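A.B. asks: Spelled out, the chains give:
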Amino acid sequence: MLKQCFDNVREKHPLVHNITNYVTVNDVANILLACGGSPIMADDSGEVEDITSICQGLNINIGTLNKNTIPSMFLAGKKANVLGHVVLLDPVGAGASGLRTKTANELVRDIKFTVIRGNISEIRTLMEGTGNTKGVDADLADAVTEENLDETIGKLKAFSEATGSVIAVTGAIDLVADSEKCYVIRNGKPEMGAITGTGCQLSGMMTAFLCANAEQPLEAAAAAVCAMGIAGEIGFEHLKEGEGNSTYRNRIIDAIYHMDGNTLEERAKYELR
Amino acid sequence: MLKQCFDNVREKHPLVHNITNYVTVNDVANILLACGGSPIMADDSGEVEDITSICQGLNINIGTLNKNTIPSMFLAGKKANVLGHVVLLDPVGAGASGLRTKTANELVRDIKFTVIRGNISEIRTLMEGTGNTKGVDADLADAVTEENLDETIGKLKAFSEATGSVIAVTGAIDLVADSEKCYVIRNGKPEMGAITGTGCQLSGMMTAFLCANAEQPLEAAAAAVCAMGIAGEIGFEHLKEGEGNSTYRNRIIDAIYHMDGNTLEERAKYELR
Amino acid sequence: MLKQCFDNVREKHPLVHNITNYVTVNDVANILLACGGSPIMADDSGEVEDITSICQGLNINIGTLNKNTIPSMFLAGKKANVLGHVVLLDPVGAGASGLRTKTANELVRDIKFTVIRGNISEIRTLMEGTGNTKGVDADLADAVTEENLDETIGKLKAFSEATGSVIAVTGAIDLVADSEKCYVIRNGKPEMGAITGTGCQLSGMMTAFLCANAEQPLEAAAAAVCAMGIAGEIGFEHLKEGEGNSTYRNRIIDAIYHMDGNTLEERAKYELR
Numbered sequence: 527m528l529k530q531c532f533d534n535v536r537e538k539h540p541l542v543h544n545i546t547n548y549v550t551v552n553d554v555a556n557i558l559l560a561c562g563g564s565p566i567m568a569d570d571s572g573e574v575e576d577i578t579s580i581c582q583g584l585n586i587n588i589g590t591l592n593k594n595t596i597p598s599m600f601l602a603g604k605k606a607n608v609l610g611h612v613v614l615l616d617p618v619g620a621g622a623s624g625l626r627t628k629t630a631n632e633l634v635r636d637i638k639f640t641v642i643r644g645n646i647s648e649i650r651t652l653m654e655g656t657g658n659t660k661g662v663d664a665d666l667a668d669a670v671t672e673e674n675l676d677e678t679i680g681k682l683k684a685f686s687e688a689t690g691s692v693i694a695v696t697g698a699i700d701l702v703a704d705s706e707k708c709y710v711i712r713n714g715k716p717e718m719g720a721i722t723g724t725g726c727q728l729s730g731m732m733t734a735f736l737c738a739n740a741e742q743p744l745e746a747a748a749a750a751v752c753a754m755g756i757a758g759e760i761g762f763e764h765l766k767e768g769e770g771n772s773t774y775r776n777r778i779i780d781a782i783y784h785m786d787g788n789t790l791e792e793r794a795k796y797e798l799r
Numbered sequence: 527m528l529k530q531c532f533d534n535v536r537e538k539h540p541l542v543h544n545i546t547n548y549v550t551v552n553d554v555a556n557i558l559l560a561c562g563g564s565p566i567m568a569d570d571s572g573e574v575e576d577i578t579s580i581c582q583g584l585n586i587n588i589g590t591l592n593k594n595t596i597p598s599m600f601l602a603g604k605k606a607n608v609l610g611h612v613v614l615l616d617p618v619g620a621g622a623s624g625l626r627t628k629t630a631n632e633l634v635r636d637i638k639f640t641v642i643r644g645n646i647s648e649i650r651t652l653m654e655g656t657g658n659t660k661g662v663d664a665d666l667a668d669a670v671t672e673e674n675l676d677e678t679i680g681k682l683k684a685f686s687e688a689t690g691s692v693i694a695v696t697g698a699i700d701l702v703a704d705s706e707k708c709y710v711i712r713n714g715k716p717e718m719g720a721i722t723g724t725g726c727q728l729s730g731m732m733t734a735f736l737c738a739n740a741e742q743p744l745e746a747a748a749a750a751v752c753a754m755g756i757a758g759e760i761g762f763e764h765l766k767e768g769e770g771n772s773t774y775r776n777r778i779i780d781a782i783y784h785m786d787g788n789t790l791e792e793r794a795k796y797e798l799r
Numbered sequence: 527m528l529k530q531c532f533d534n535v536r537e538k539h540p541l542v543h544n545i546t547n548y549v550t551v552n553d554v555a556n557i558l559l560a561c562g563g564s565p566i567m568a569d570d571s572g573e574v575e576d577i578t579s580i581c582q583g584l585n586i587n588i589g590t591l592n593k594n595t596i597p598s599m600f601l602a603g604k605k606a607n608v609l610g611h612v613v614l615l616d617p618v619g620a621g622a623s624g625l626r627t628k629t630a631n632e633l634v635r636d637i638k639f640t641v642i643r644g645n646i647s648e649i650r651t652l653m654e655g656t657g658n659t660k661g662v663d664a665d666l667a668d669a670v671t672e673e674n675l676d677e678t679i680g681k682l683k684a685f686s687e688a689t690g691s692v693i694a695v696t697g698a699i700d701l702v703a704d705s706e707k708c709y710v711i712r713n714g715k716p717e718m719g720a721i722t723g724t725g726c727q728l729s730g731m732m733t734a735f736l737c738a739n740a741e742q743p744l745e746a747a748a749a750a751v752c753a754m755g756i757a758g759e760i761g762f763e764h765l766k767e768g769e770g771n772s773t774y775r776n777r778i779i780d781a782i783y784h785m786d787g788n789t790l791e792e793r794a795k796y797e798l799r
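Protein chains in written order, with our numbering: chain A, 527 to 799; chain B, 527 to 799; chain C, 527 to 799.
Heads up, a few of these hints could be off.
Copies of the same chain are indistinguishable here, so a pair counts whether it falls within one copy or spans any two.
[Unchecked claim] With a Cα cut of at most 25 Å, we get these calculated BS3-like pairs of lysine-lysine:
| no. | residue 1 | residue 2 |
| --- | --- | --- |
| 1 | Lys538 | Lys715 |
| 2 | Lys593 | Lys628 |
| 3 | Lys638 | Lys593 |
| 4 | Lys683 | Lys795 |
Since the hints were made in silico from the structure, they are not lab data.
Note that the structure is predicted; figures quoted are calculated from it, not measured.
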């Protein structure tokens, strides 16, 4: 199943429209190319409806939102909804400022997202109105642990039920839930946390997976999460002495570039709850 | 001749003003430094005339154009024309949205470009009013092939005649034409297409080549195209097992950093038609 | 002392708010993570006060300033002053345009900076009203040399006295001065000049050092300068055949990632004047 999801991306080369932050945008574009997708970045209100119309999916990331790009997010999201396109929200830093929290909440209210993907603090901000966001990183107090796993899964399923979106939470343990099922994924390396934008990269790549597997968004999102985690493992194995977070970033994208569906299937570590 | 063009860049260290997109801007800056130029990025209408005045050339790239940067492109371009500076247009995504097509056409109408460089779909959009732009990548239907080569060259020469600009089209076969001659260049690797922004990088580097060889823009543009293709070949040869598109990006810029005029001269594969 | 400064960063994980340019922003984020800090980038006037309030320090870099981000710099800087936070100014390109010079001067007038860090041309523009800025790089005519070293140090101490800020000037010889003392630092490699944004990276990392050592800004700034220079040396030692400025960029950040306080202490080359 995971294999098929990835094979579909390689075969269909989905074109993904990204309204994303300027911090990690280059890595998002390169990982989209690495997985078999094709990226286009456009954030001016004068063109986002045109651009999203020629794409198969839309990735909205609020990492460096501003007065000009916020209206573009709504315009593009609504247009994508009308066209029946895949739409993903990455609520970067929701909880860190009033503007981010308000914008993320209004996006969730006005646009039907296929997937909402964030760290646990961002998702708690959206689903509970409270989260201990430490800037753009999740707060330890919010962390998903073996102890609170079932409780957290229950909340994610309820939030999925309420929004109609698949909810993907990434961290030490990754969770991908719809209203009935939750993938609990244990791939990845803690060292990925020392790279800026692995979450943004995952959101971009996940949008391509969703485009190429529009009938099964839960599985597609889980496959993308597994692929990112496995790339983190493979990239780490390839690190040489003296190489640190900057080279690790390249090696993760490189690992996606060389990954095939079989590797994804074999190395994925997940259970369903 | 190619050697001299490159040597001039290394000797003159031209300062290049870039109004460019935020996706690939870092790579553009680093390749400009790698080839011997010096980059400055500035896109606010309150300073672009000042900035372009202290530079030798201007690189306008519409990859993430917006309401604020579009007027800056016109201001800087007109100022550069008044000063007799080199100006290059990279019409990223022309054809993908009305805003991009309109902006690119108006730039070509109002500013005298030394070179217009794009993929074949972008250039067709400008020269024929139609192109099958697939986002920021050329569409297969537009591809330059051995079969349509002479016809395409004829069109590029006519477009050069009409605009007074050298026209550079990059893809599997690269073409650099003025109204009378066309360089047909066969360097490069198809894997370069899996890196975001090799076109943007080429435009930045080409502007430095044009600055340092202002009397012969056709040759300077061809030399930059050859250098980029050869860097793609050298970078590919240096790839180690497991390295993919992200590391390849670095290795291409590294190859420009170490390239000298002799290597450029020896490895360039081109004919004149 | 340098060791303790670095150890404090690793222990306290300071959260740094960056209003910075889109050219080098990704490298700034990654070097902040590499040294033990945590970055957040936010530049909209609607959120910068919120964001800076949850951080321990603020890094203002005017590298691609514009109409929207300039007011944000003032809002965030004033808020950080009220909160008693560390604030650093990197006046990228001051002297290259009227807008940059004016903005940098007004920032220095209205905000109390813990440190002002730039190249010698930028700092001369601020302290003498004149500098030979060559775009974003210092002009050779301004270079700090053994001959003008004492004179330059005298000027920096006076500028520090006048502004109440530590003044850090980086180049072939690095200087970090308050009104009484000046660190003269001779780490680093000339090849760092072929990488875009080593100065921006240093400013980001220095802000983390200042946050973690708020009682001794002069020493913290000097420690960050030494760390960057040593990383440049270590990164250079790790370069393999064929690797150039793009890979070198990664290796410098990697070197910060693996550096510890002892290495910093042992390899730092400085004197006090």
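A.B. asks: Does each hint hold? Answer for all of them.
C.D. replies: Now for the hints, and whether the structure bears them out:
Taking the shortest alpha-carbon separations for lysine 538 and lysine 715, only the inter-copy value of 22 Å comes in at or below 25 Å, while the best intra-copy value is 30 Å. Proximity of lysine 593 to lysine 628 under the C-alpha cut-off of 25 Å is found in both arrangements, the shortest distances being 13 Å within a copy and 24 Å between copies. In the homo-oligomer, the alpha carbons of lysine 638 and lysine 593 lie at most 25 Å apart inside one protomer (22 Å), although the nearest pairing across protomers, at 28 Å, exceeds that limit. For the identical chains of this complex, lysine 683 and lysine 795 are intra-copy neighbours only, at 21 Å inside a copy versus 58 Å across copies, given an alpha-carbon limit of 25 Å.
Consistency with the previously given hints is maintained throughout, with no hint failing.
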